[in-house]
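Knowing the structure of chain A, use the given hints to seat chain B on it.
Number of protein chains: 2
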Amino acid sequence: MNTGRLFVISGPSGAGKGTICSRILEQDNVRLSISMTTRTPRDGEVHGKSYYFVSKEEFQKTIEEKGFLEYAEVYGNFYGTPKMEVMGLLKSGTDVVLEIDIQGALQIKKSYPEAVLIYILPPSMAELRKRITERGTETEESLNRRMGETLNELSYIHEYDYCVINDELQKAIQRVKAIMTAEHSRISEDIHKIVEQYKEEL
Amino acid sequence: MNTGRLFVISGPSGAGKGTICSRILEQDNVRLSISMTTRTPRDGEVHGKSYYFVSKEEFQKTIEEKGFLEYAEVYGNFYGTPKMEVMGLLKSGTDVVLEIDIQGALQIKKSYPEAVLIYILPPSMAELRKRITERGTETEESLNRRMGETLNELSYIHEYDYCVINDELQKAIQRVKAIMTAEHSRISEDIHKIVEQYKEEL
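Chains A and B are the protein sequences, given in the same order.
Read left to right, the first sequence gives residues -3 to 198 (our numbering).
Read left to right, the second sequence gives residues -3 to 198 (our numbering).
Bound-form chain A, shown alone:
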């Protein structure tokens, strides 16, 4: 049986990566990785579903045991991707999707080089600004800050494997699905095992 693949999806807020991820997760044999965090659960958040909510001590212990594929501190709270769960899913043949920022994505590529990094881009910066403005949740200042952060992120795009432009949602979803299908045909350990079988057959 083939092992699963790890897909890391990043992109600026407003590029549509949340919608794309949720549509991808409707497929069989794909699961979202659940992060571990030290922050307090918000109303409606469920342990083991939204996050694994743990104490700072437990988080620290997992760091020391090298139990994270990546982790970061954000405003005093820790967030991390537990290695054991992801590896278990991959080994069982399930693809794992991680929605994470660029710093986390680059950490993952280091700790698990087979990870496939996909960056979701809006069709233009003007369109990104429009989409965020329409949400009505940002001040002019925070909007400008976001746009600056996006430009800064784009300097790291060459570290990614793929970049999907979300000009039309359906097309963007199809592109990400095609990447997932294609990656299962990529030359990998699985293929080498199959080739060994072929050699033994003769």
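Each hint should be verified, as a subset may be incorrect.
Pairs involving identical chains hold if they fit within one copy or between any two copies, as the list cannot separate such chains.
[Claimed, not checked] Dumping the calculated DSBU-like pairs for lysine-lysine here, alpha-carbon to alpha-carbon at most 35 Å:
1. K126 with K195
2. K106 with K195
3. K126 with K189
4. K62 with K87
5. K167 with K195
6. K195 with K105
7. K167 with K52
8. K126 with K87
9. K87 with K173
10. K52 with K105
Bear in mind the hints are in silico, worked out from the structure with no lab data behind them.
Just chain B, lined up with the frame of chain A:
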């Protein structure tokens, strides 16, 4: 506009690469590269469609002008992939498919590293033997030689980008199509140009 991608498809006779190629070529914006050869046209073969039929002198001149992406001599005849035509198609945004053996594929990867190499495998060596036997065109000896050649080719499979197992034709076609779609989202010069545009926008 995005440039086209060059897809090189190889695999043992009987793996089904011919059928897969012809189905891929039904898509818009995909073209088969036409080879140049010094061999005599067979009945029904059309210059500029089956092959470009040329003299040995003309072929030699094209070699000297570094006009081939790859070429080889087979039983005294020369066969080659003309660079100019392929590059013209790619530049115009058309994908180009090349059905070629492993030696040719590796030459292409050297002269055009952006080429995407896909190897089509039968589901097993037993199935390959069965498919070739059913054609009834091979003696036991030539069948065994073919099987040996296939095993030898498999030692080079790590040089390829993808390996598609043709267990069910429809699935294999979908996998190759997914690879073609995915490769258009791969981080490339096109993406870098888009990112530059985004930066200028702000």
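Going back to the hint list, which numbers does this structure go against? 7
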